[in-house]
Each structure stands twice: as C-alpha cells, then as structure tokens.
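Peer 1: Sequence:
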Amino acid sequence: MGSSSNGAAPNNNVDKGVDYANYFCTYAFLYHQKEMLSDRVRMDAYYNAIFQNKHHFAGKAVLDVGTGSGILALWSAQAGARKVYAVEATKMAEHARELVKTNGFEHVVEVIEGSMEDITLPEKVDVIISEWMGYFLLRESMFDSVICARDRWLNADGVMYPSHARMWVAPIRSGLVDQKKIDYDRAMDDWSHFVNETKSFYGVDMGSLTKPFTDEQRKYYLQTSLWNNLHPNQVIGKPAVIKEIDCLTSSVNDLLSLQANISSIITAENTRFCGFGGWFDVHFRGRKENPAKNEIELTTAPSEDLGTHWGQQVFLFYPSTRVSQGDNMTMNFSMNRSKENHRLLEVEFDCELRQSSGNSLPSFSKNVMSKGQWEDRYATLRMKFSHFCQLTCAVVSCPLDSYALFSTNLPLKSFWFGPGNEGTR
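Residue numbering for the sequence shown follows full-length UniProt numbering, starting at 1 and increasing by one per position.
Please note: incorrect hints may appear among the correct ones.
Unchecked claim - If you anchor each label on the Cβ, the simulated ranges turn out as follows:
1) 197 <-> 151: 58 to 66 Å
2) 37 <-> 265: 38 to 46 Å
3) 297 <-> 263: 21 to 29 Å
Claimed, not checked - No farther apart than 30 Å at their CA atoms in a straight line, the calculated lysine-lysine pairs in the DSSO-like style are these:
4) 83 <-> 288
5) 219 <-> 243
6) 219 <-> 238
7) 124 <-> 91
8) 339 <-> 243
9) 339 <-> 180
10) 211 <-> 180
11) 124 <-> 288
12) 243 <-> 293
13) 238 <-> 181
14) 219 <-> 181
Worth flagging that the hints you see were computed from the coordinates, not collected in a lab.
We put the CB at the ideal spot given by N, CA and C, even for glycine.
All chains should be modelled from the sequences, with the hints used to inform the complete structure.
Peer 2: This is the structure in structure tokens:
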C-alpha cells in the first residue's frame with residue numbers, strides 16, 4: 001500500500017538514506033500506487049473487511065501503517081472511526097493529505113509523514129490496519145514496522161487488520177524453463193562473439209573473464225526465480241502451507257528464519273516438474289475476544305480470473321523432470337533473511353521425489369539417478385537448490401509486474417540434478 005519505516009527493528013545499523021533509495025522511493029510515485037489501487041482482489045478484500053465489520057471501527061482510534069495514497073485511512077473514517085492516524089514514510093503523504101481533504105475527512109484522518117519507528121502518537125489505538133504484504137508475503141520486511149506499531153500503540157484489546165497470514169508452495173510446470181535456457185544460450189553466444197571481436201579489433205583477450213561471466217549469466221537466467229501469474233492448471237501437486245502467522249502475537253525474530261517440512265502428491269498425469277510456485281493469503285478475523293462478524297480472505301493463489309499484482313513467485317530449476325499422478329514429493333524448505341540487506345531473503349528447497357506411479361519416465365535415467373535407489377516400482381530423486389530473494393529495480397520506469405530477482409547462492413551443480421543431464425525432460 002505504502003511504506004512506513006525502514007522496517008528494521010532487529011537491525012539498527014540500516015542506513016535510512018540507502019534504504020529509501022533502494023526501496024521506499026518507488027512508493028512515492030503515483031504510478032506505483034495506481035497499480036495497487038487497480039488490483040480489484042486486493043481492494044475488494046480490504047473494503048469488505050472494513051465495511052462488513054464496522055463494529056471494529058465505529059467510534060474507534062485507528063492506525064494505518066504505510067498509508068500510501070490513504071485509501072485504507074479514508075475507508076476507516078467512512079466506517080465511523082473517531083480518529084485515524086495515517087503514517088507514511090515517503091512524500092506520498094502529501095497526496096494522501098490532499099485526498100483526505102478532497103473527500104472531507106481532514107477532521108478525522110491525520111496524515112503523518114515519517115518512520116513508524118520514529119513517530120509518536122498522542123494515544124493508543126483500537127485497530128491497526130496495513131497492507132504490508134510483499135511478494136511471497138515477507139519480501140520487503142514491512143511487517144517489521146507493523147509489529148513495531150502493534151507493540152507500541154495497540155490497546156490490550158485491539159485488533160489487527162489483517163489478523164492472520166499463510167505462505168504456500170506447490171510443485172508447478174512452466175514453459176519459462178525452456179525460454180530461460182534459450183536466453184542463456186543467446187547470452188553466451190553473444191559473449192563468445194564479443195571476446196572474438198575484442199581480440200580481433202582491439203588486441204585485448206577477454207577470455208579470462210568467460211568463467212565469471214558464465215557464472216553470472218547462469219545465476220541470472222537459470223537460477224533466478226520470477227514474478228508470474230500462474231494458471232491453476234500449472235499447479236501439478238497439492239499445495240502446502242509453509243508458514244502461518246498470527247499478526248497479533250508474531251515477533252520479528254519469528255520471521256528472520258523459517259523452516260518447514262512438507263509433502264505433496266503429484267496430481268497431474270505424465271507432466272513436467274519445473275520447480276515451485278509460492279504465494280500467500282491473509283485473513284481478517286479480528287481476535288478471539290473480539291472476532292470479526294464477517295471473516296474476509298485475500299488470496300494470491302493461482303486463479304483463472306482473479307490475478308493480483310502480487311502474482312506468484314516461481315522458483316524454477318533446469319532441466320525439468322517428468323512426474324506423474326501419485327508420485328510423492330517431500331521437501332525441506334528454509335528461508336532466511338539476508339545478513340547483508342534485511343529486505344532480502346535466502347530461500348532453499350531440499351526436495352526428494354519418489355516415483356510411485358509404476359511408470360518408467362524419461363527423466364529418471366540412470367545418469368540422473370546415479371545416487372538414487374532403484375526398485376521395481378519406485379525411483380527416488382533428490383535435489384537441492386537455493387534462491388536469493390532481492391528487491392526489484394527501483395527505477396521509475398521499471399513496471400511493477402516485472403519479475404522479482406531471486407538469484408541463487410549455491411553453485412550450479414547444486415541447482416541442476418547432475419552433469420550431463422541438460423537434455424533430460
């Protein structure tokens with residue numbers, strides 16, 4: 001929605017100027033706000049959560065963390081809030097004030113430009129509302145600021161909007177795997193021509209840089225996850241929850257490192273397993289002592305008609321492998337916040353695929369399975385690959401729906417199934 005602070009409760013060494021340049025500045029542009037305000041799934045969920053649960057807002061004090069354009073603050077006022085404090089870290093606060101004035105609520109909504117960690121309110125509040133979710137829920141680490149606001153300013157019986165969140169992953173198929181390999185091959189061909197021409201025309205041999213360039217391009221093209229709007233039929237196995245968050249009780253430390261052990265049964269017949277898709281949902285339930293009258297869900301799961309600006313995060317690997325209905329997948333998932341930048345996430349999948357369909361599928365060759373165990377009806381494929389979740393480009397012209405970079409922090413051999421398997425499908 002907007003931005004509220006440096007989001008760095010556990011890291012007091014963050015340079016706020018650098019953080020603003022790398023992250024917050026994008027939220028100061030109306031084009032960015034328009035993208036989010038045009039997301040009907042997002043807008044409908046928050047609108048319904050507020051207006052179908054007016055008892056949480058009527059006559060109450062509300063804090064909007066990262067107000068952005070001010071839309072949630074305005075809705076809270078329209079729902080009868082006595083006072084709304086709308087905190088925004090960027091110059092978007094000026095536009096929010098104008099909208100509040102234009103809509104006749106300047107006597108209710110007070111827009112405060114500043115960091116959530118730095119500002120002071122004159123009172124505690126009954127409701128904290130925020131649209132803090134990033135790609136794959138936790139990218140951007142804005143929830144840190146919401147936790148800070150909750151611990152400082154929420155009344156003992158106050159409610160959080162949203163109140164709960166979940167992260168999901170599922171095995172997927174995607175033609176992007178092949179396209180990224182084509183892009184990689186083209187990049188390497190171009191490098192080869194570049195090396196030859198530089199030597200011929202200028203007498204300088206650039207060949208010694210081929211290996212680091214190759215590593216760089218592999219990470220970018222073959223070991224980088226993408227923003228994508230998946231179609232439901234691209235999900236080939238049962239989705240699994242990897243993290244549940246209670247916004248009323250979760251701490252920053254709870255989110256610095258996530259681990260989950262999950263399993264999924266392949267539901268598609270004779271298809272390609274190309275990686276994992278990740279998404280989230282949030283719920284507006286109020287709290288046990290003061291529940292919502294109408295619980296609302298906002299989901300970013302793959303959908304035919306109801307895509308969101310969050311889309312899904314797609315974690316691909318190359319080459320893909322064949323699976324079929326009934327195959328069983330177990331996975332250890334881990335996600336850690338980067339020590340270098342608190343807004344970045346290191347994601348690792350340690351996966352075991354057990355073929356139980358009785359079909360001898362092409363990708364389960366002895367070459368691929370040289371370290372696996374073979375039985376009459378079963379094959380076991382083990383794979384491990386990692387991604388590094390970083391922010392999208394902060395340039396004004398960079399569209400919101402450009403893919404988010406997740407570059408690997410493992411060597412390529414850990415990402416592929418094994419040497420010599422490039423042609424396996």
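Peer 1: Checking one constraint from the list: CA of residue 238 to CA of residue 181, max 30 Å. Satisfied?
Peer 2: 27 Å, holds
Peer 1: Against the range 38 to 46 Å, how does the distance between the Cβ atoms of residue 37 and residue 265 compare: consistent or not?
Peer 2: At 39 Å between Cβs, range holds.
Peer 1: Starting from residue 219, check that the Cα of residue 243 is at most 30 Å away, please.
Peer 2: Status holds; Cα separation ~27 Å.
Peer 1: Between the alpha carbons of residue 211 and residue 180, is the straight-line distance 30 Å or under?
Peer 2: 19 Å, holds
Peer 1: For the pair supplied as a hint, residue 219 and residue 238, is the alpha-carbon distance within the 30 Å limit?
Peer 2: Cα-Cα ~28 Å, so holds.
Peer 1: Take a look at whether the Cβ-Cβ distance between residue 197 and residue 151 falls inside 58 to 66 Å.
Peer 2: For residue 151 against residue 197, whose Cβ atoms are near 60 Å apart, the range 58 to 66 Å holds.
Peer 1: With the threshold set at 30 Å, check whether the alpha-carbon distance from residue 243 to residue 293 stays at or below it.
Peer 2: Within the cut-off at roughly 25 Å; holds.
Peer 1: Between residue 297 and residue 263, does the beta-carbon spacing fit 21 to 29 Å?
Peer 2: 24 Å, holds
Peer 1: Would the pair residue 339 and residue 180 pass a check requiring their Cα atoms to be no farther apart than 30 Å?
Peer 2: 29 Å, holds
Peer 1: Would the hint linking residue 124 and residue 91 be met if the CA-CA limit is 30 Å?
Peer 2: 25 Å, holds
Peer 1: Between residue 83 and residue 288, is the straight-line Cα distance small enough, at 30 Å or below?
Peer 2: 24 Å, holds
Peer 1: Holds or violated: are the alpha carbons of residue 124 and residue 288 at most 30 Å from each other?
Peer 2: 20 Å, holds
Hint compliance for this structure: every hint is met.
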